[in-house]
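Listed below are the residues making up each chain.
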Amino acid sequence: MTDTTAKSGDRSIWPRIRPFIDRVEAKLGLPPRQRSYSDQAEDERGQGASPFWVMVHKEIGDHIRSWRFGILIGIIVLACIGSIFSAVTAIRSGSASSPSSGDTFLFLQMFTLTSPSLAIPPFSSFLAWLGPLIGIALGFDAVNSERNKGTLGRLLSQPIYRDDFIIAKFISSLFLIAVVVFSLGFLIMGLGLFVIGYPPTPEEFLRVLLFLVIAVVYIGFWLNLSILFSIRFRQAATSALSSMAVWLFFAIFYSMITGLIDSVTAVSQTADVSAQISQMNLILTLNRLSPTYLFTETITTMLSPGVRSLGPLTMDQLVGAISSPLSLGQSLILVWPQLTGMIAETMVCFGISYYLFMRQEIRSRV
Amino acid sequence: MGTSVVTSIHAAQDQPAVQLVDLTKSYGDYTAVHQLNLNIHRGEIFGLLGPNGAGKTTTILMMLGLTEPSSGQARICGFDPARNALKVKRRVGYLPDDIGFYEDRTALDNLIYTARLNGISIDEAKSRAEILLEKTGIVEHMHKKVGAFSRGMRQRLGLADVLIKNPEVIILDEPTLGIDPEGVRELLQLISSLSRDQGLTVLLSSHHLHQVQQICDRVGLFVQGKLIACGDIQSLSNQLNDEGSINIEVGTAVWTEALQASIAQIEGVLDIYRNPDDKGNEEYDLATIVCDRDLTSQIAETIIRSHANLVYLRRKDYGLDDIYHRYFERKGAR
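In order, the protein sequence lines correspond to chains L and H. Under this note's numbering, think of the first position of the first sequence as 1, with each following residue one higher. Under this note's numbering, think of the first position of the second sequence as 367, with each following residue one higher.
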């Protein structure tokens, strides 16, 4: 009795599960199981690389050859050189030494410090500003350009999984972003070593690495958002403008809006502590909805070990605190929620794109 | 599980290459494809004909598993595209109606990319691509960027792209669209010879009837989501011309009532009607005479005797164009 029910259940479920198992195996590179029943066409598979990596490979190639990528790299390298110059000028003029903290973390200031005489923001601000632009530029026409060129239909009629297509788009762009961010980061470290001749401590090095990883995650969010728009909107221009609009909204207007809310809901200076704190927390929570704010908080903590808290602190809490920089682990714990938030926002965008794309009809140029 | 696999293979050998059972696709209230039943045998060239918006492309997308049918089932080479899309796609080559390539890549690159997506190694892909470019006659443009290709060359490249995976079935959606007549002729010959050489099953969708007529073994007439007629051209022609009558088209310098009356008196003439639409030629009047047997010579004689100056005489066979028109005429009459 139980046996038969199990069998019939197996029969109805198996065809649905089967493809997933097959592809997990294919992804892991396991030898094809039970392929003996299938004919020659199946056996031919496995000679070449998996279609997923072929796509990733091709996407990376396309990006590297494109003008767009070249121009972006040009802008970012210029910005990077400008910020190093600014930071070095500032360090040389001696504004780096902050007497309050015992350890100055001079090397980290390569990324955060800026010369008061030159109006060039530091590298970390540059990344916060231009990072989204790289992400958007690499993703805004990922799907709709393929659709408009008529290559999407042709591509999806090849034996590839539909989700592999957008995952390949995402992975390839993210890979490029990581390469760019890391090479710029190391470039700055190298130049810093060269110019100021002061080697980083292992902790500083790790902090820089983490900062770069966080930057990749942050740019990855914008990349995902623009891919989402490229799936949703048929015109590349619409999707580019929408992504830019979101970016500008979070970069400029969002803080204005929260500022406005802050001034509206403001409690008087003489109100009791709990009212003041709850009001501040409200504004902080609103601010933290923005990935830009999360990123700023995160990198501030990572690059300035002196930052002890990202929320309001009362005088009571500060009593007895030793004024010293936080250790790397403590800084990491401090920004963990922010980091999780950024990753979660990225995942949400990806989930929506995935859902939209899997349900979309594939017609050439409609 | 094992047994079902085995039966499906055995079935695959004698099953038709394409088998559609009650395939239906609706978008809300609108039914794009309505209970389509169709079998296409292995090695056959099948033409799917219909006006724009008849549901041809939707049917093709369902056959590839790119769209899920609302109800009914498709089986391609024995596999259900809704469940085993990958197995179907591995065996089916699809040329979309508006094929696109990566414009800034060369023809060879585009082909190699497709081949590699099908799991073919680079070296093999390269040699296959060269053979196919040779076959489709664009081997000398192999290293040119596709952006510089003409429409006809793209279509040839598309054909090579479809064939590079060694498919069992190829589906061509409007392959002749936007190509000049000579190009169409060459392309169709190419398709036809490739199919004969490799025993490929070809499904061709088109609204250009006379083009498809040249190479198709069978055609299906597809209008508003329904297959209204299916068979080879001869049987379709008979099917629609069920009265068994013969149409003779005559053109005279002047068409008079007296002449019409005298022709009508010939035994076997069923009907005479003037073609008001065919006024394109101003030098003579055209009329179509419907008779129950071949009366061409009698009609000619009558016209000559009445000094009406016969300038044109043709016995009309039903081409696809006529089949098509007849269908719409009837539909309009209803």
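Errors might be hidden in some of the hints.
Unchecked claim - BS3-like cross-link-like pairs, simulated, lysine-lysine; straight-line CA separation at most 25 Å:
#1 K58(L) - K149(L)
#2 K511(H) - K492(H)
#3 K501(H) - K511(H)
#4 K592(H) - K58(L)
#5 K492(H) - K510(H)
#6 K58(L) - K510(H)
#7 K492(H) - K58(L)
#8 K149(L) - K511(H)
#9 K149(L) - K592(H)
Think of the hints as simulated: they come from the structure by calculation, not from any bench. Given the structure is predicted, the values throughout are model-derived calculations rather than measurements.
Each hint tested on the structure:
1. K58(L) - K149(L): holds, 16 Å
2. K511(H) - K492(H): Given that 25 Å is the threshold and the Cα spacing comes to 16 Å, the pair holds.
3. K501(H) - K511(H): holds, 19 Å
4. K592(H) - K58(L): violated, 41 Å
5. K492(H) - K510(H): holds, 15 Å
6. K58(L) - K510(H): With Cα atoms ~18 Å apart, K58(L) and K510(H) stay inside 25 Å; holds.
7. K492(H) - K58(L): Cα-Cα ~16 Å, so holds.
8. K149(L) - K511(H): holds, 15 Å
9. K149(L) - K592(H): Violated, at about 31 Å.
Violated hints, in rising order: 4 and 9; the structure is consistent with all others.
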